[in-house]
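Visitor: If you read the protein sequences in the order shown, they are chains R and W. If you're matching positions, the first sequence starts at 610 in my numbering and goes up one per residue. If you're matching positions, the second sequence starts at 8 in my numbering and goes up one per residue.
Just so you know, these hints were derived from the structure itself, not from any lab. Quick reminder that beta carbons are idealized off the backbone N, C-alpha and C, glycines included. Fair warning: there could be bad hints in the mix.
Stated by the list, open to error - Reference listing, derived: stretches of chain R covered by chain W, where coverage requires no fewer than 3 residues with Cβ under 8 Å from a Cβ of chain W:
{"id": "1", "stretch": "685–693"}
{"id": "2", "stretch": "722–735"}
{"id": "3", "stretch": "861–869"}
To be verified - Partial list, computed: chain R residues near chain W (C-beta under 10 Å):
{"id": "4", "residue": "GLN614"}
{"id": "5", "residue": "GLY708"}
{"id": "6", "residue": "LEU817"}
To be verified - If you want the footprint, here are the derived chain R segments under chain W, 3+ residues with CB under 8 Å:
{"id": "7", "stretch": "617–630"}
{"id": "8", "stretch": "651–657"}
{"id": "9", "stretch": "837–851"}
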Amino acid sequence: MKALQIAATGMAAQQMKVDVVSNNLANMSTTGYNARRADFADLHYQQYARPGTISSSDGSMLPTGIQIGLGVRPTSVSVILAQGSLTETGGDLDLAVEGKGYLEVTLPSGGSAYTRDGALKRSADGLIVTSDGFPVVPGITIPSDARSLSISNDGEIYVYFDDQVDAQLLGQLSLVGFTNEKGLEATGSNLFVESAASGSPNVGTPGLDGLGILRQGYLEESSVDSVREVTELIKAQRGYELNAKVITAADQMLAATTQVR
Amino acid sequence: MEASGYVTLSRLSGLRREMDLVANNIANIGTQGYKSQGAVFSEFVATVPDGRSLSIGRATAWHMNMTDGVLGQTGGTYDLGIQGNGFFQIETPDGPRLSRAGAFTPSASGELVNMDGLRLLDAGGAPVFVPPNARDIGIAPDGTISADGVPVGQIGLWQPVDPLTLTYAGGNLLAAAEIEPATGGEIHQGFIEESNVEAVTEVARMIEVQRAYEQGQSFLDAEDERLRNMIQTVGR
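The task is simple: from the sequences and hints, build the whole structure.
Guide: Set out below in structure tokens:
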């Protein structure tokens, strides 16, 4: 009896859904976090009687045959690309990306990672870094005697000094777009790295080529929709229970089989 | 007597298959675009040696429940739900397949693919290309894709020429002998068609199958008892 294994695949799938939902809920307040969604597909099918099998001694044939599916498998846990709402923080290095695009970050290994978490900081020597201390490309250092800092929508960083009237252009932040954003590999700490599925990074100026713009003084909130997550959780829980019920029923049928004399 | 034993056995093995079907339906309660499956018991008429015939019930056919699943709102740009008639055409190494599962994403090369990486085909049977630099992608109910307001392609809806040839191919795909463009369906962007498995119906069927199975079991018991008595009475 395959019902036991089939129900087990169903339970595993629902369990995975609960895992994804709980991770989403845990990241309800994570800056720039996008909710994930688990997608499933039916497993392969076993052909018991092929169409055209003779169904009676007078030669009549089965029009359809019989196929039995072997359960379910997860196909993907993908990011739901949605703009999180922007909260005003007033921080001069708090940046929200409004629209598509990621900030590029240099990892200690020298490789690149991408993030939408724009809560940037200054390092001890004035370099613009992420909360984890990774420098943001192109590696702009803010002079220690700068009075204030202004970042335009298209990523230009200006600093004001006490002894100068005009602001000085320090550098330009760029945004990076991907053909398949869902294909980026999440590495934790709000970072993503390029994968074969994501396509190569397209570096561009904020506001051009379909990229979003930067908003200084704002942070992008997590786009997790708690109502949606809770309904998903309920669905997953009921689905799990139903599959467990199938296991019980299949077990009882097997028990009945062994009781035949 | 052998006949009654075989008739019951055939019924029991059919019920076990039906149980597997129910289990598969329930396992796929969260599978997008899944169509629930039902078993059909049909009569197998066998000729027995003395010229009479014997009818056996066998579960050798099935049907696919084609009712629409609920369209669940997801808000995703490439989440497409079909309302009404029609399927997406998906390109696979084994030939074109049909699918109602609507979660797509652009691949690294910009073509729309499903979650297994298989390409979605448009109304003319060619891959659907989405410009990567578009700020806003809209998909109209007739499948027209527009990038920043400019039409760039059209997703086609297809149907099997003969619905009876539809079989499950796994991976949210259905196979059909021949397909043709479909009419009467609408594509809704930001929605995904959920599984059309109804929990209540499946649980009711499960209980039904289980009880029928136990009934068959006790019938075998009773037959065994009858034979035993017969042997004892005759042999005395």
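Visitor: Compare the structure with each hint and give your call.
Guide: Status of each hint after checking the structure:
1. 685–693: holds (count 5)
2. 722–735: Result for this restraint: violated, n = 0.
3. 861–869: holds (count 6)
4. GLN614: holds (9 Å)
5. GLY708: holds (7 Å)
6. LEU817: This interface hint holds because 9 Å falls under the 10 Å limit.
7. 617–630: holds (count 5)
8. 651–657: That given contact holds, which follows from 5 residues of the stretch 651–657 of chain R lying within Cβ reach (below 8 Å) of chain W.
9. 837–851: holds (count 5)
Checked against the numbered hints above, the structure violates only hint 2.
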